[in-house]
Structure formats: C-alpha cells, structure tokens
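Colleague: Same order as they appear, the protein sequences are chains A and B.
Start counting the first sequence at 1; every next residue gets the next number (our numbering).
Start counting the second sequence at 1; every next residue gets the next number (our numbering).
Mixed in with the good hints, there may be bad ones.
[What the hints assert, rightly or not] In silico BS3-like links for lysine-lysine, alpha-carbon gap of 30 Å or less: (1) K139/B with K8/A; (2) K133/A with K193/A; (3) K2/B with K296/A; (4) K143/B with K15/A; (5) K404/A with K469/A; (6) K15/A with K142/B; (7) K182/A with K193/A; (8) K15/A with K144/B; (9) K15/A with K139/B.
Derived from the structure by calculation, the hints contain no laboratory data.
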Amino acid sequence: MTELQLHKLLRGVQKPGRYTGGELNSVVKNKDAVDVRFAFCFPDTYEIGMSHLGMKILYALLNDMDGVWCERVFAPWVDMEQNLRREGMGVYALESLDDIAQFDIIGFTLQYELCYTNMLHMLDLSGIPLHSKDRHSLHNLVVVGGPCTCNAEPIADFVDVAFLGEGEEQMVQFVQLYKEYKANGADKQSFLKAAAQIRGVYVPSLYTVSYHPDGTVEAVTAESGAPLPIQKYIIQDLDTAFYPKDFVVPYIEVVHDRAVEEVFRGCIRGCRFCQAGMIYRPVREKSWETVSKQAKCLCDSTGYEEISLSSLSTSDYSQLEPLLNDMLEWTQQDQVNISLPSLRIDTFSPELLEKISRVRKSGLIFALVAGRQLLREVINKNLDEDVILQSCETAFRGGHCNVKLYFMLGLPTETLEDIEAIGQLGQKIVNRFYAMPDKPKGRGVQVSISLATFVPKPHTPFQWMAQDKLQTIRDKQRHLVESLTTRKISVSWHESQASVLEAVFARGDRRLSKVLCRAHELGCKFDGWHECFDMHKWEQAFADCGLSIEFYANRERSYEEVLPWDHLDYGITKGFLKRENERAKAAQTTKNCREQCAGCGANRLLRGGTCFENC
Amino acid sequence: MKTVRLIYQKTGRAKYISHLDLNRLMQRVLKRTRLPVWYTEGFNPHAFVTFALPLSLGYESRYDCMDFRILNDDLRNDQMLQVLRRALPPDIQALEVIDPVLKAKEVAFAAFELELTCDTDTAAQLTAFLQSDHILVEKRNKKKEIITMDIRSKIRQMEIIPTEDGLQIRLLLPAGPVENINPALLLEAAENSGCVFDVRSVVREMLYDKNMNIFR
Ligand code: SF4
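Generate the whole structure from the sequences, applying the supplied hints.
Modeller: See the structure below:
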C-alpha cells in the first residue's frame, strides 16, 4: 500500500493512529532481503494489543533473527473494516502496510476465548481460507499461542500449529525449521510432521478425536510419530532468557502505556479457580540485578516515564526489597515512576506503601475473590479477614481512601450467605475507617466492589465443575445489591452472558470449530466488547450446529471422563488437580509452594527437577 | 538555564499524530536524548515544552517549532541537534536547534500547499470559485458563536497551479494567536459550492511573523 492509498483508506476513521505504524522503535526491514515474513496478529484493537507484553517479547525476538521480519497486525475496528471493504483491501501489517495474505506465517496470540471470532474475521477480510485443510501450501501458515492454547480444541480446525507454553525458545526453533523447509520447497504436511517434534508444538491435524454417543470425548489418537501427550515448553532460566531492549512506543494512548519488566513467571499461591496460577507453573524468578538492569535499558530506549514490575503477584517476589532499593536509585534521578500491579493484600506493609507512594500513588485494587472465610478456604485464597482489615487501614493511613475490591460470583459451594458476606466485608472496611482515631481529615471512604462471574477453566482443580446458570448469577448480583445498606459501597459487574460463552470455549472440544465458523458467518466479532456482543447470534449458531451451550457450560464432569484437553500436558498432573478439588470440597487449604510443595508435578519440567529446596 | 528551539519536519505517517499525542511523544523523545532538560516541579513532573503553532491531524509540516528549556547553558545547539536526530521517529526530522529570535505569540502567517485531485472541469470550476470576490464560510468565533465570514479577504496570497490530475493551491493565511484560518475552511466552502474533489495532501510549508519574516 502506498502512503496515498493509506491516506484514502483512513478517511473518516476514528483514531487513525491505530492503523498507521511508523512508531518509535518499530522495525522496518527490506522485504526482498528476508526469507520469512511473520505477521504477528493481536485479535483485538491496537490499544489493547499494544499493551500486551508477550507480543513485545516475540516481536523483538523474531526481528533479532537473521532473515526474519516480524510485523504487527491488529483487528480493525468496525469503522475501519467498512473502509477496508470499500477500498477492496484486507487486513494489513503496520510496518510494511502489506496485506497479511502476503505473509509466510500468520501468528495470533489468543489471550481470551472471546477473541476467537476476531481471528476468523481477520483471516476472512484478507481472503485467507479459514480452515487448515483448505490452505494447501506452506504459505499463510496459521499458528497460535497464548494461554488459550492450553485448550486449543475449539479452534483446532482453523490453526495449523498451536504453541503450548512459553514461546521464546520454541519460536526460534520453529521459524528456523520453517526457513529450511521453505528454502527446499517442501510441502506443508512434511513440515508440520517435522515441527511436531519440537517440544510444545501441537499440530491438531495429526490427532483424531472420537466421541461417545452422549457427546463426551472417547479418545484422542495420534498419527504415527506425533507425540502424545504434547508437553508445554518452559524457559529454564529467566536471567539468560531473551528480553527486549526496546519496545515500540505508540503515538496514541494505549491501555498500558509504559515500560514493562517481568520479574518472575508462575505463581506460588495455588488459588484453585486461577488458570494462570496453574498453567504457568513452576515459579521462576529473575534476579533483582537483571530486573533492574533490563528495566533501565527499556526506560532509556523508550523514554517512558513509568515502568511496571510485572508478574502474577509481584509482592510475592522474594527479592522485592533489594530490587526497589536499587531501582529507586536511578528511577528518581531519571524521573521515572515505578508501578506495582497485582499486589496481594496480605503483603501490603506500611514500608512497601511508603516506597510505592514515593514513586506513584495509583488506585489500590485488592483481589479478595470471596467474601467469607470458609469460601476463601474452598478456593484456596488464603487471606484472613483480620489481615484484610489491617491492610485496608494501612492503605487509609497512606491516604488511599478509595479501595477497590474484586470478587467472583458463582464459585463452587457458594451460598447466599457467601454473597451477603461480600457486602458485610465491605461494611467492616467502612467501619474500620471511621474507627480510626487518626483517619485522614475531611475525607470520606469509598469501597468499590467489582464482580466477575466465575468461569471454570481447564487445567485447574475446578475443571470438572458446572458453571452457574445465567439466571442464578443475575439473582446473586441482585441479592448483593439489595443486601447493602450504605452508599459508601458501590457494586459493578460486567455482562455475564459473555462469561457463559467464555465457559463454553474454555472447556470446549473440536466440534465447536463448527459453531465458531457459523457465528463468524452470522457476523459475530469483537465479542469481548459489549457494543458488538450479540448473544442471539451465538444461540443461533449453536442451534444451527446442533450443539448445546449447557452441555459445555453448566454440566459437571466426572473424574472418569476424558476431557478434551487431557492430551495437552502443562506439567501439573490430573492426580494433583483431583486432590485439590477434593480438598476444596472439604474446605481444606493447601500451603503455597514456598512453604510446602503440594506435589503438582510441574517440577518435572525443570532441568534440576526441583522448584524450591523443599520439593 | 536557557530556552532553545527545535525546528523540525513532520511528514509521512507522522501526519496522523495529533497535537496532544505529539506532546506526549516529545516528552519521551527528550527523555531518550538524556539531555539535561528542565522538568516542571510538582506531582507529575514533565519536561516543559511549547509549540509555536498546533498542526491539524492529517496535515504535514515542513517547518515546525518546539521550545524546551535546558539546564546546561554550555551545551551547543549542534550537539543537541545530533542527539535529537537519533531520538526522533523516522517521520519527524530535526532540521535545526536555535536560540529563539521571536516569541511563539509572534507567529502571524502560515504558508500552505494543498494537492487536490479532480477532473479538468472541476479544476476550472474550482479555480473560478477560488478567484471570486467573496467566499463566505461559517466559523465559530472565540465566544463559540457561529458567524459568517468572508474568507477571501483573509487570504494574503493565493496561487493556483494545474497539475496532471487536479490542482495545486498555494496559500498564505493568517495563523497564530491573533487570527487563525485553517485551509480546511476554504476546502469546505468549495465542497459546499458543488465541487467534487479529493484532498491528497495538505502541507504547512512555513511560518512567518507579521512582517513576513520567517519565524525563528
Ligand atoms: S512441584 Fe511443588 S513447588 Fe513446584 S510448582 Fe508444583 S506444588 Fe509448587
């Protein structure tokens, strides 16, 4: 596309900066001098995609490779889609402005189930056949990665390859192999067979799924030579692993417009509802020296005024103290703010508060997840009410009079008393504020409660559970609001219909590819956006394919059932998940990995075979 | 501490950067240079920068100015130009770093070059329209009321040059804090008169003071 065509294309489009590229640190290579062109697609808007760390890592990594050019692609918003159609153009990459149909490999990162239709939508806009079987050559190979691939079955018909686990090292091997096969003019099938030998590379077409008459999976069989189960890939040592020296700095404001430094992977906690806490095991930390050095390098190369220390639970980083001390040395001099997302409420000390206040006061959000102690024990969110109240008081003392609390509705064993307990906990926090003799003067307290709907996820101890019916969730939401007696507590939630769909696709099987295809034909896209989401279309898609939403969302599975993702091995054993599920039913907690190993099996992924000394 | 002026071009894909976004970009560019730039005090410290004249989204500029303050008076302008060149994105090119001669509020005129595509009949129609004695447009005044204004009398200079596929129009228009006329007003009036054309590009070529000295 020429600059002039771009100019015409963008006429009347909102936020043209989403579609123009040319940002600081974006990588432009000579397309005639590269062997492999990789279109890295994020199936959501530019603002969301550009906030995503995984994309930044792989973009830098691939562009570091000789003869490989990786470019960024985002989903065009509805207005831009119209313009593309008007000009007869497809989805294009921001660096070269070339249509993705011209690329060797088209990769999608799948961060949430509701973006599946956008993947189809983007392929379709560029005229690329949706089904893997209809793309015959090595050209336009469609690959996917991200947390959703831990159950890649619902998208199995569309993708050629799904990457399981962490991408940095397997990606290099994979692209290298592609380069060789392409140079030799090899066919797609022989390449896929060879690629399946790389750890973490799952080629769905090499596996056949058979079903029982009741719709449950009977068995998964592998074509000869393909591994079964397919094991995820992990990085052994984060200190020596690749990390970008710079980020593309967007011109327009994006959701997280700052430098991001990853401090560790995995999570020691073992909350039973949390998929990330299970599939990213085991915990691997970067040394504080590496974190500080990489963070400084990023700030220097981007000019960002803020750096976020990222992980699933940054206050669990064992070297937070020396890290912050070291970083404050240079961040204060360079006018850079440090932000700590994902703080745990029980690690929230006055000293820590003082350090983050020195760099930035941002809103405090505490994920309590359940209101009542007993239910927190069921889900293994080990937080004591006294600790919660004490930490809120610390926050008030530090001048934070608005606290945000995050809860889930529809958790296993949940009763109406549990729902009421959410409001009661909010009330206790309000009371605690007014009981403080030294409370901040002239300021009131505001407790904002945000409610999510529980979605049972694969590879978690709750993977067998039924999701609450939509009506039940709505009743619970109303019940909570009605139980409140003060305006100092506010409650908000997202549309729960979308959570039903999330539950379906999170634990779906291959038959759902048909439903996705049908939903796409009916015009479903941007399902994560309430202005685009249309449940009626989805209901029609299910009906047209003769499949039921309840079968996937609201059915409890037995331990004996073959689950659609059982052949995808994320290190944690099914025995561990069963054990944890039973402990949940008995409201027994499990210690965190640092205190005592719970024998989940993920240690086997490590070269030394131990996570901590206690393994 | 001294104030210095960066003169730069904003072309190509950089034309899609809005004024607000340009401000944020320049903060980051200055940080990348590691020059001893003066930061405002207070809760949210940022480099103190001012632009001579905001540019509309979608326009290119071949001569734009941004002022900032530097703590070290001994730094030479050509040294700063070197580091700024390296820190800017490809479509924003640093031309010069100078000690400011005029104040930002002294900007009085801007020269524009417009490229339009249209058929030959429309080109003739457009030319006639632009050369008529009065061109009435609706505009909001400072009190936000809609007023009708004769834009023809505001145009200091106009040159209309036929091109292969349309017209090139060169304009000298009032610009700056006293009076500011955006060429979009003229194009809108032409469209309202029934001319059908495509705007291929709008480029702001130069800034002047009231005596037609180049703004420096
Ligand atoms: S093997 Fe033990 S320490 Fe390692 S992640 Fe599993 S439970 Fe935690």
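Colleague: Each hint needs a verdict: does it hold in this structure or not?
Modeller: Hints, verified against the model:
{"no.": "1", "hint": "K139/B with K8/A", "in the structure": "holds (26 Å)"}
{"no.": "2", "hint": "K133/A with K193/A", "in the structure": "holds (15 Å)"}
{"no.": "3", "hint": "K2/B with K296/A", "in the structure": "holds (28 Å)"}
{"no.": "4", "hint": "K143/B with K15/A", "in the structure": "holds (28 Å)"}
{"no.": "5", "hint": "K404/A with K469/A", "in the structure": "holds (27 Å)"}
{"no.": "6", "hint": "K15/A with K142/B", "in the structure": "holds (27 Å)"}
{"no.": "7", "hint": "K182/A with K193/A", "in the structure": "holds (14 Å)"}
{"no.": "8", "hint": "K15/A with K144/B", "in the structure": "holds (25 Å)"}
{"no.": "9", "hint": "K15/A with K139/B", "in the structure": "holds (24 Å)"}
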